[in-house]
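J.: For the record, the sequence lines run as chains A and B. In terms of our numbering, the numbers along the first sequence are unbroken and rise by one, the last being 234. In terms of our numbering, the numbers along the second sequence are unbroken and rise by one, the last being 435.
It should be emphasised that the hints constitute simulated quantities derived from the structure, not laboratory data. Keep in mind it's a predicted model, so treat the numbers as computed, not measured. Every residue, glycine too, gets a C-beta built ideally from N, C-alpha and C. Hints are not guaranteed to be accurate.
[Said to hold, decoys possible] Examples of chain B residues lying across from chain A (beta carbon under 7 Å, computed): (1) GLU283; (2) VAL285; (3) ALA299; (4) SER382.
[Unchecked claim] Restraint ranges, calculated between C-beta atoms of paired labels, are given here: (5) B:ARG256 to A:GLY130: 20 to 30 Å; (6) B:ASP196 to A:LEU138: 19 to 29 Å; (7) B:ASP239 to A:LEU138: 38 to 48 Å; (8) B:LYS321 to A:HIS155: 15 to 25 Å; (9) B:ARG256 to A:ALA29: 54 to 64 Å; (10) B:ARG290 to A:HIS155: 15 to 25 Å; (11) A:GLY130 to B:ASP305: 18 to 28 Å; (12) B:ARG290 to A:SER202: 27 to 37 Å; (13) B:SER317 to A:PHE46: 53 to 63 Å; (14) B:ASP305 to A:HIS176: 23 to 33 Å; (15) A:LEU138 to B:THR380: 36 to 46 Å.
Here are the chains, one letter per residue:
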Amino acid sequence: MIEAMRYILQGTVDRLKAQAVTYLPSILASIIILAVAWVIAILVRFLVMRLFRGAAIDRFLKTSGLNAVTGGVFSLGATRLAAAVGYWAVLIAGILTALSTLNSSLIAKLTEQAVLLMPKLITAGVIVLGGLWLGQYLSRSALIWACNQRLPSAHNLAGLVRIAVVFLAVVVAADHLDFARGVFLSAFVICLAGIVLAISLSVGLGRHEMLDWFSRRESRPEEPGREWSLWNHL
Amino acid sequence: MPTTIPNETDIIVGIPSFNNARTIGHVVRAAVAGLQKYFPQFRSVIINSDGGSTDSTREVVLNTPAEDAGILFLPTPLFPLHRLSMPYHGIPGKGSAFRMIFRMAQQMRARGCVLLDADLRSVTPEWIDMLLRPVLFGRYDFVAPYYRRHKYDGTITNSIVYPLTRALYGKRVRQPIGGDFGVSMRLVERYLKRDDWETDVARYGIDIWMTTIALAEGYQVCQSFLGAKIHDAKDPGADLSAMLQQVVGSVFTLMREYADTWQRVQGSQDVEIFGFRFEVGLEPVPVNVRRMLNHFEQACHDLKDVWALALRPGTLSEILKLRPSAAEASPQFHIPDELWARTIYEFAQASRERGVERGQLLRSLTPLYMARVASFVLETESVNSADVEEKIESLCLTFENLKPYLTELWTGKAAAAAQPAGTPATEKLEVKPHD
Chain A
1 MIEAMRYILQ GTVDRLKAQA VTYLPSILAS IIILAVAWVI AILVRFLVMR
51 LFRGAAIDRF LKTSGLNAVT GGVFSLGATR LAAAVGYWAV LIAGILTALS
101 TLNSSLIAKL TEQAVLLMPK LITAGVIVLG GLWLGQYLSR SALIWACNQR
151 LPSAHNLAGL VRIAVVFLAV VVAADHLDFA RGVFLSAFVI CLAGIVLAIS
201 LSVGLGRHEM LDWFSRRESR PEEPGREWSL WNHL
Chain B
1 MPTTIPNETD IIVGIPSFNN ARTIGHVVRA AVAGLQKYFP QFRSVIINSD
51 GGSTDSTREV VLNTPAEDAG ILFLPTPLFP LHRLSMPYHG IPGKGSAFRM
101 IFRMAQQMRA RGCVLLDADL RSVTPEWIDM LLRPVLFGRY DFVAPYYRRH
151 KYDGTITNSI VYPLTRALYG KRVRQPIGGD FGVSMRLVER YLKRDDWETD
201 VARYGIDIWM TTIALAEGYQ VCQSFLGAKI HDAKDPGADL SAMLQQVVGS
251 VFTLMREYAD TWQRVQGSQD VEIFGFRFEV GLEPVPVNVR RMLNHFEQAC
301 HDLKDVWALA LRPGTLSEIL KLRPSAAEAS PQFHIPDELW ARTIYEFAQA
351 SRERGVERGQ LLRSLTPLYM ARVASFVLET ESVNSADVEE KIESLCLTFE
401 NLKPYLTELW TGKAAAAAQP AGTPATEKLE VKPHD
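Bound-form chain A, shown alone:
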């Protein structure tokens, strides 16, 4: 009995030992890789913080409108953002490398998928960022135009333009990632149809008010005299 138990235990220990001999070097290697990646990530973050501090990138984000359009995501400053991107990029690369040393088919599959997904993720990120920038640019143009035309609610119009462009970018990015494609497309089509319907209804129902507003704008009784000819400006 005791002999049998000893035999079983010995067998278990041998199997564990064999497994340990098989896997321990890989695990140790992955831990070392992770540690090195972590140190490199910290170094990258430090270097980026040092390099970009006070550089033109903050200013570019501010003037291009990317800072404002993201609703404060970049408000901590582009330097910190770039540092965080660098830090996480190195760390994720380290984790993937560390996992690949374990030689597991599941991990290999996961790693492969992650590697394959990365370009798509980057492209989708670029599409969203481009959309944010374009949305900001077009909304600013709309704002200036509406203000110069003295339209009421210029800010609302600009906001609508921004939301429409950003939403379009998100739909394109989701389509590119094959992520909830149907949901985003349906939402986009529903929104577009909603906007068209809203405009039609407002034009239909509010035509009298609109005509009244236009006529008041053209000849305000409290403001005698029309605006002078454009030639008078030159």
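Dock chain B against the given chain A, drawing on the hints supplied.
T.: Structure of chain B alone, referenced to chain A:
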């Protein structure tokens, strides 16, 4: 009148047009009479450069009968006077029309060129003489017009272009974007050699572009007194902000090109004025101050973030402080000359920086310009034209006095201390310009 293209000529009268059938006949008659009366010994061609008019502009040019020689005591010309009307190609605008006229002048080896707007109602045969004589018989390359105008007429000229051009290049050309010019062939050839015709120059930027090149490159410039300038009531096919963008954008673009030139200039000098000056009755220009102030008041709310990309914190806060009096349409509403000059200089500096879209920036200037016009109108309501000229002179002197501030902004010496209000800065400092 012969309509074939002659191989050679001495004088070209160029008339750019777009749907000006109502007025171009008068301009052509004045040009024909002016050429016959003052330059009968020269070969002349009138060229109408048309932007695709859908009315009968071109037919009017070709078929308008010349003024009865007996009425004006015109001498018999030695050469037949040719008239041509042809469409130009490229970007639609006055600049593209001028380009075609200049090319034809070069091709026909002309000696001088006169340019007249097609919608002038006050043009007389004497204008041809006044604009051409300094070129043909003097040593001048560029003759700018000098008009009598109503105090509220030419507000972009009075509030931005004249003070800025004068401060930059040191020459007191009173109507740098007048629209009617005399040009020598030497200068025409210089214009044609340039490669920026496809920019704002193709549109309303052409006038200031021509004047600035003449001034900055040292060509001989003079002015000719033409009397009153009265346009047809029909508006040009553009909106104010686009027009402002094209004109002011051209000034700012050329500031970059001629930075070395204008940074050396201090103060300003008179530019010779030819012609017998007289007073004229002027058509009153209707203005709507409340409307302008409403525009500014709305922009203070809507555009302050855009202005913050161009203006320094101190300048922006001074402008925003004017909002309450604009909202009340108060008669006390006033933009001081010094604040206005700083605003223009800061916009000039901001428009050369990358990152800020230039068109947006310049269009956002429109409500500020309207506010300045409103301020000027309120200030000069009960003032006669001589006193108005004094006020404009005072504004010009302010621009000249503040020029070191512009130079500092431009060269970056003021950058550390005076970042735009929209720029992240460790510390926001209020900048006091140099006196």
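J.: Broken hints, numbered, in rising order?
T.: 1, 4, 7 and 13
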